[in-house]
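Undergrad: Sequence:
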Amino acid sequence: MNMEFLDWYLTFVVFLFGACWGSFLNVCIYRIPAELSVVKPRSRCPKCMTNLTWRDNIPILGWLLLGGKCRYCKAPISPRYPIVELITALLFTAIWLRYPMLTDEGIDSRFAAYALLAFGLLLGSFVDLDEMWIPDRCTIGGMIVGPILSFLIPSMHGVDGHVQSLIQSLIGLGVGFGILWSVSFFGKLILKKDAMGFGDVKLMGALGAFFGWQAVLFIIFVSSLLGSIVGVGLIAFGKKEWQSRIPFGPYIALAALIWMLGGYVWWDAYIAWISGA
Numbered sequence: 001m002n003m004e005f006l007d008w009y010l011t012f013v014v015f016l017f018g019a020c021w022g023s024f025l026n027v028c029i030y031r032i033p034a035e036l037s038v039v040k041p042r043s044r045c046p047k048c049m050t051n052l053t054w055r056d057n058i059p060i061l062g063w064l065l066l067g068g069k070c071r072y073c074k075a076p077i078s079p080r081y082p083i084v085e086l087i088t089a090l091l092f093t094a095i096w097l098r099y100p101m102l103t104d105e106g107i108d109s110r111f112a113a114y115a116l117l118a119f120g121l122l123l124g125s126f127v128d129l130d131e132m133w134i135p136d137r138c139t140i141g142g143m144i145v146g147p148i149l150s151f152l153i154p155s156m157h158g159v160d161g162h163v164q165s166l167i168q169s170l171i172g173l174g175v176g177f178g179i180l181w182s183v184s185f186f187g188k189l190i191l192k193k194d195a196m197g198f199g200d201v202k203l204m205g206a207l208g209a210f211f212g213w214q215a216v217l218f219i220i221f222v223s224s225l226l227g228s229i230v231g232v233g234l235i236a237f238g239k240k241e242w243q244s245r246i247p248f249g250p251y252i253a254l255a256a257l258i259w260m261l262g263g264y265v266w267w268d269a270y271i272a273w274i275s276g277a
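With our numbering, the residue at position 90 of the sequence shown is 90, and numbering never jumps.
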C-alpha cells in the first residue's frame with residue numbers, strides 16, 4: 001500500500017475517531033453537572049424525551065441532516081453539539097499529526113495520553129463556561145492519571161527512564177498546584193475574596209503532572225495573557241463588568257493545548273533569547 005495514502009487514511013480515521021469522542025463529550029458536558037449517568041439512558045431529545053436513532057447521532061452530519069431540529073418535535077438543537085464534535089475531531093487530528101503512533105523508532109504512545117488529556121480539557125472548559133466550576137474527574141483525575149501515564153510513557157517528559165519520568169511528573173504536579181494555590185491563598189488575603197477557583201488550582205496540578213514544571217510556567221503566562229485580553233475586551237464592549245467573575249479554566253486549557261502542539265518550541269526560543277544564549 002502506498003505510504004502517503006496510508007497516512008491520509010489513518011489521519012481520516014483519527015478525525016472520525018475524534019468526532020465520535022466529541023459526540024460522547026456532548027453527553028458528558030450535559031449530564032455530569034446534572035449528576036446523571038453518562039452511560040444510560042440513551043441519547044434523547046431534551047424537549048420531547050424521544051430516544052434518538054443512530055442516524056440522529058451521527059457526529060456532525062446528524063445535526064446537518066436534521067437541519068438543526070429534532071426529527072420528532074421539531075425543537076431546535078443547539079449548534080454547539082456539532083461544534084464540539086468538530087473541535088474534538090480537529091484537535092485529535094492535530095495531536096495525531098504532532099505525535100503519530102507509528103514512527104521509525106517504533107510505537108509512540110503519546111497520542112493516546114494527549115488525546116485523553118485533550119478530552120478532559122474540553123470537558124472541563126465547557127462545564128466551566130456553563131457552570132463556573134470544573135469537574136473533579138478532570139482535575140483530580142488528571143493528577144492521578146498524569147503520573148501513571150508518565151511512568152508508562154517516559155517520552156512524555158523527554159526522558160528514557162520510567163522512574164525519572166515519574167519524578168518529573170510529580171515535580172510538575174507539585175509546582176503547578178503550589179503556584180496557583182499560592183495565588184489563590186494570598187489573593188484572598190489581599191482582596192478579601194476568592195481570587196481564583198480551586199478547580200483551576202487542581203487543573204494546573206494535573207497539567208504539571210502531564211507536562212512537567214517547565215510547562216507550568218508557560219501555561220500560567222499564556223493563560224493569564226489570554227484571559228486578560230479577552231476580559232478587557234468583554235469589559236470594553238459592555239459584556240462584563242470589572243467585578244464580574246470570568247471562568248479561567250478555558251484559558252488554562254487553551255494554553256496547555258498550545259504547549260502540547262508545539263508551544264514548548266516557542267518557549268525554549270524565548271528563554272534562549274532573554275538569556276542571550
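Worth flagging that the hints you see were computed from the coordinates, not collected in a lab.
These numbers come from a predicted model, not from an experiment.
All C-beta atoms, glycine included, are put in the ideal place defined by N, C-alpha and C.
Be aware that one or more of the hints could be misleading.
Derived DEER-like restraints, expressed as beta-carbon distance ranges [to be verified]:
hint: 1; residue 1: GLY161; residue 2: LYS193; range: 40 to 46 Å
hint: 2; residue 1: SER275; residue 2: PHE237; range: 26 to 32 Å
hint: 3; residue 1: ARG44; residue 2: LEU189; range: 46 to 52 Å
35 Å max Cα-Cα, derived DSBU-like pairs, lysine-lysine [as the list claims (entries may be wrong)]:
hint: 4; residue 1: LYS69; residue 2: LYS40
hint: 5; residue 1: LYS47; residue 2: LYS69
hint: 6; residue 1: LYS47; residue 2: LYS74
hint: 7; residue 1: LYS74; residue 2: LYS40
Undergrad: Next, verify each hint and record whether it holds.
TA: Evaluated hints:
1. GLY161 / LYS193: 40 to 46 Å: 45 Å Cβ-Cβ, so the 40 to 46 Å window holds.
2. SER275 / PHE237: 26 to 32 Å: For PHE237 against SER275, whose Cβ atoms are near 39 Å apart, the range 26 to 32 Å is violated.
3. ARG44 / LEU189: 46 to 52 Å: 48 Å, holds
4. LYS69 / LYS40: 23 Å, holds
5. LYS47 / LYS69: 11 Å, holds
6. LYS47 / LYS74: 9 Å, holds
7. LYS74 / LYS40: Holds - the C-alpha atoms of LYS40 and LYS74 are around 24 Å apart, at most 35 Å.
Of the numbered hints given earlier, the model fails hint 2 alone.
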